[in-house]
Structures are given as C-alpha cells and as structure tokens.
Amino acid sequence: MTTGTPTSSTPGSGTRETTVGIGAGAATELGTSDMVLNIGPQHPSTHGVLRIKLRLDGELITAAEPVVGYMHRGAEKLFEARDYRQIVMLANRHDWLSAFANELGVVLGVERMLGMEVPVRATWTRTLLAELNRVLNHLMFLGSYPLELGGITPVFHAFHEREQLQAVMEEASGGRMHYMFNRVGGLKEDLPAGWYGRVRAAVASVRSRMDVFDDLVLGNDIFRARTRDVGVLAAALVHAYGVSGPIARASGVDFDLRRDEPYLAYPELADVLKVVTRQEGDCLARFECLLEQAHNSLDLADACLDRLAGLEPGPINTRLPKVLKAPEGHTYTWTENPLGVNGYYLVSRGDKTPWRMKLRSASYNNIQVLGELLPGTLVADMVAILGSLFFVVGDIDK
Amino acid sequence: MDVTPTPHSHGHSHGQDPFAGPVPLGMPDPAAPGGAVEPRRLGPLARLAPDPVKVVLNWGRRYSLWCFNFGLACCAIEFIAASMAKHDFIRLGVIPFAPGPRQADLMIVSGTVTDKMAPAIKRLYEQMPEPKYVISFGACSNSGGPYWDSYSVTKGVDQIIPVDVYVPGCPPRPEALLQGILKLQEKIAHESLPDQYPAAPVPAAALKRPLLPAPAPDAAPADAEEGTAQ
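These protein sequences, in sequence, are chains A and B. If you use our numbering, the first sequence corresponds to residues 1 to 398, in order. If you use our numbering, the second sequence corresponds to residues 1001 to 1230, in order.
Because the hints were derived from the structure by calculation, they are not lab data. Even glycine gets a Cβ: it sits at the ideal position worked out from N, Cα and C. Check each hint, because a few of them may be wrong.
Claimed, not checked - In silico BS3-like pairs for lysine-lysine, Cα to Cα no more than 25 Å straight-line:
no.	chain 1	residue 1	chain 2	residue 2
1	B	K1054	A	K77
2	A	K322	A	K188
3	B	K1122	B	K1155
4	A	K274	A	K77
5	B	K1054	B	K1132
6	B	K1155	A	K53
Unchecked claim - Covered, in the sense of this in silico footprint (three residues per stretch, anywhere, with C-beta under 8 Å from a C-beta of chain B), are these stretches of chain A:
no.	stretch
7	64-74
8	151-165
9	181-192
To be verified - Calculated Cβ distances over 12 Å to all of chain B for the following chain A residues:
no.	residue
10	D57
11	K77
12	T123
13	Y332
Chain A with its partners taken away, still in its complex shape:
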C-alpha cells in the first residue's frame, strides 16, 4: 500500500444527490421529483470511464453534466519529460483508436520546426497508413454503435474487417493498435516486400463487405427509428463548442482539414477526397457521415497505393542526429483525426524535450456539447446520443 491508495471503500461514483418531493406537486406541478442519476464512470455505454450526471424529471433529462477526468493520465506533463522520439510513443495513446493520426501531429510539428524535408515515399505511405487507421477507427464505431442500440451482429463483422487491416498494419509496424511507426523525418523503416500488394487485397476485402453496414445496419428499420431525429445538434452549437470531425459535418458544418488546410499528400488527392456532410444533425446523420467517410478512406487508400506504385525507389526516412533538438520557437500543428481536429501546440526552448506541448483533442470538445444536447431528451435516447458522439475516453481526459 502506498500513497494514493484508498484505505477504505470510498464510493467512487461519489455524490448522491436525490431531491425527493413529498406529496403531489411538491417538486414540480406535475408531482414528479428530480432525481440525479449517475451514468458511469463504469458503464457499458460510456466506452470506458466517462461519467455523466443526469438530472431527471421522470424519464426526461432536464440537465446533464459530463464529469471527466477518470482517465486523466497526465500525458501533457509527461511530454515535457520525454525527448522527441519518446513523445511519439506517448502521443499515440490518448486516442487509442487513431494512434497513427496522433503520432502524425507530433512529427509534423517537429519537422516543421526543424525545417526538415520528408521523402516523398514517406509522405505517401504516411497518408496511406493514416487513411487505413481512419477506417480502423470508423469500423470500431460502426460496430459498437449498433451494439449499444441492441444489435449484436454488426460488431462481429466490424471486428472481422478490423482484424484484416490490423494484420497489414502489424506487418508494417509490429503493433496492432499503437503503431509507433512515425519518426521525425519519415517512417521507422522500409516496408516489407510485397506489403503494398497485401494492403490492396485487404482494402478490397474490407470494401467488399462494407455493405453489411450499408444495408444490414443503415437499412434496419429499428436502427433508423432509434436514431432519426434523435439528438439533433445545431450548427450553431457546433461552432460554440468547437465540435469537429464527422459529428460537426453531420450538422452541416463543412470543415475538413484534409481539404481546408491540407497536409501530407492530401493536396494531390483532392479529386478522390470527399468531405461527407449531412444537414440533419441527428444521430442517423452522424452515423451516415461516419460510414460514408469510411468508404471514402478506402478509396483514398487505393489512390495512395496507385501513386506509391508509380514512385521511384527512394528513402523512407531521414538520418537524424543522435540528440534531436527542436529549435527555439513554437508551432501549432493540427490534423484531421478520425474523430475530429487534433492539435499540438509545441513550445520549444531548444532542448531535446519540449518546454510545453499542449494537446487539443477532438473528443474533449465533442462531448462538452452533451450538456446542451441531452436536456429535453429521454433516458432511453441517451445511449443513442452518447454513442453517436463517437468519442474515446482517453481522448477526452488525455
């Protein structure tokens, strides 16, 4: 037993506020009393340890307050004690479903500060891996969201497809989830012989079974009934809370960094890249955005493969000095992660570690809007709304 260990069984889900009305109309004119209901921190619908305090009037949610911090691992402070090689390893873990995209922001920032030129093959391979990672991320939510709404089958299909993509990702990087394949100046090492062909086969195989989600899930009447017109998020709220990613685009906010501030090889993929938007802003629109984006990412991956096949052989990384120091200064790198805008504000004082590295993660902003979105809905719709916000708890709590 050391410090920080609770000595007694202190209740984890702490506060228990119950306002009890006595007699009809004691609390409200309708005779119902407010109840504060804790969802989480350990609850299947919260994908981990998000806690939400709901104030209920009967079944109607009158107030919702997300309580974050149960997964706070202090990554930003740890960045200050790691050098630029080690940061990659920590930075890919906050959003564990989009590890490659998280790494990308760090290395792009350091490369920009160093003024480093990245080999062409590395840039295209990075784009390819980032899109495969986006498909992996989206497949997870395409499977888990129907699961939360009561449909068990799609998640098995989703994981079957995920395993195929994970196999090629693992072959390249050695990791199934946390690739740690980015290096400042390129990628860790060259790709195995014949890898691009296997990626093409995996992409084709995943695409051939995406109709499971197009038809089985999206065409399901129960699924549509539970998501249509539920949890409508207005575009004004998207702007007010800094919501980004597929959730924002489902509310008609046409913003995608891959098109609006292109990085990697996206400028040359403009004809393939499709920014998927919807106008409805409900749960169904969010799911449709995610699904169509996954389709588009598979197309982008194919486009990257086509381009890579035509490239001259060349290096995939840059030789680095033994001690890598970013010059004094600061820079802000943002990338379009699968779940939204992921930004790193990097301040360097010329040391081998950053002086400060602020992390702007997508889910943190995205779930703040729950406080506006949930009031006025029923408890039964809460799971549908929560799941449609596509968040990762580590991305919220960092």
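With the hints as your guide, set chain B onto chain A.
Quick look at chain B alone, frame taken from chain A:
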C-alpha cells in the same frame, strides 16, 4: 506469478494435514512407522471427501468464469478483439456477459488505473462474490506502464486489489489474454479452498449453549400469547 503445477500441488494440499507432501503410493513410509500404507485419499472419511469434490468444484469453476470487463483504456479494445470471432475466449469458458460485478467470478482490469478511478475499482471488486479472480491486462494495470511517472496514474492495480495473473504488453495481443486465461485456469485447478480461506479456530465453547435464565413468572403469559400469535 508462476502457476505452473508443482509435484507438491498434485498431492494433498490441505493446510491442516500434518503429513502434507508427496506420499509414496502403496509403500510404507519409514519416517512414520505404522503410518498409512495406502495413498492418503483412501484414508479416513474426512480426508476422502474433499478431494474429488475439490476436483469437481475446481473443474466447474475454471471453465465457467463469468467475466466482468473493467475496460479502462486501449487494452479494452484488445479485450474486445479477444472476445470476437477470431480469438473467441468463450471457447475457454470465459463468459463476458456478467450483468455486473455481483454476478462475476473474474474481473479483467484492462487499461490505465488512475487515482481518480481507483476507489471505484476497489468498490466494484468488493462487490464480487467469493471466490473471485483478477487478471491485470496490460502494462498500465500491471505497473503504470508508459505512465509510470505520471502524477495521476496508479502504479499498478495490485496496489488496490489482489491480482492473480498479470498479462504483459502495451497493449497485449489477444493471444496473450488467452494465455493469461489458461494460466488462471491452471491456478484454479490446483487451488484448495481450505488453503485459500483457512478456517478460524473454533473454540469449544462456541458449540455449547449457555443455560438460559428461567423466564420471570409474570412475563410468562405474555410470551405464551406471542407464541400462539405467531
């Protein structure tokens, strides 16, 4: 933790047994002249009964581990992957459908335990009925992992609850979880409840009931009435 079976654990492992240890079958023991020639499990009834029952109980217990997934972070995704069609730990008898900790035998802590989350983990562990087992899945819940120097991360879930099997990796592959489950099942197969939960010595006085004082003469009718009313 090494749960490889040892020769000792194959024989009798009753805590109270004074002759615990490997017993040569059908051979007189020179260290105990006049002692049992037969194997110990053929001894008096008290020794005969627990062993087969123990085997049956352990057999049943190891292959119906209702599992409560304490999914915290990245490792939870690999836990889900292990429960899906490709790896499918249900074939090992791990059933991930426990409605809650009160119905679970096994808790798999997968992910980073933070100081803020730790009380909830301890509380849910305490809600599980005995006998209960814990698998710590992943570097973070083993020791803090990559967050070993973080100000907010608990350095291993074993600081708050006892852990039976540690699965290393960041995150471990689903195959590693399968291996961890097999190790736990080996451990369960060789466990003995008397060793695990040694009975407190019962004083002889506990078996005796003190004499009750005679009821007061005037209170007797009231008692009788109550007795009839019931």
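- K77 (chain A): least C-beta distance to chain B exceeds 12 Å? 7 Å, violated
- Message: With the threshold set at 25 Å, check whether the alpha-carbon distance from K274 (chain A) to K77 (chain A) stays at or below it.
- Response: 37 Å, violated
- Message: Against the 25 Å threshold, does the CA-CA distance of K322 (chain A) and K188 (chain A) hold or violate the hint?
- Response: 15 Å, holds
- Counting residues of the stretch 64-74 of chain A that have a beta-carbon nearer than 8 Å to any beta-carbon of chain B, does the count reach 3? As far as the stretch 64-74 of chain A goes, the hint holds, because 6 residues have Cβ atoms under 8 Å from chain B.
- Please settle this one: Y332 (chain A) was flagged as non-interface, so is its CB more than 12 Å from every CB on chain B? Non-interface label on Y332 (chain A) holds, nearest chain B Cβ at 24 Å vs cutoff 12 Å.
- Message: Need the status of pair K1054 (chain B), K77 (chain A): alpha-carbon distance at most 25 Å?
- Response: 51 Å, violated
- Query: Is the Cβ of D57 (chain A) farther than 12 Å from every Cβ of chain B?
  - Reply: 27 Å, holds
- Query: For the pair supplied as a hint, K1155 (chain B) and K53 (chain A), is the alpha-carbon distance within the 25 Å limit?
  - Reply: This hinted pair is violated, its Cα atoms lying about 28 Å apart.
- Distance rule for T123 (chain A), whose beta carbon must clear each one in chain B by more than 12 Å: Given a closest Cβ separation of 27 Å, the condition holds.
- Item | Annotated coverage of the stretch 181-192 of chain A by chain B, confirmed only when three residues or more have a Cβ within 8 Å | Coverage by chain B is violated here, the residue count being 0 at a Cβ distance below 8 Å.
- Task: Between the stretch 151-165 of chain A and chain B, see if three or more residues pass the 8 Å beta-carbon test, and mark the coverage as holds or violated.
- Result: With 6 residues in contact (Cβ-Cβ under 8 Å with chain B), the coverage given for the stretch 151-165 of chain A holds.
- Distance restraint between K1054 (chain B) and K1132 (chain B), which requires alpha-carbon spacing of 25 Å or less: Roughly 16 Å between the alpha carbons, so the hint for K1054 (chain B) and K1132 (chain B) holds.
Going through the hint list in order, the structure does not satisfy hints 1, 4, 6, 9, 11.
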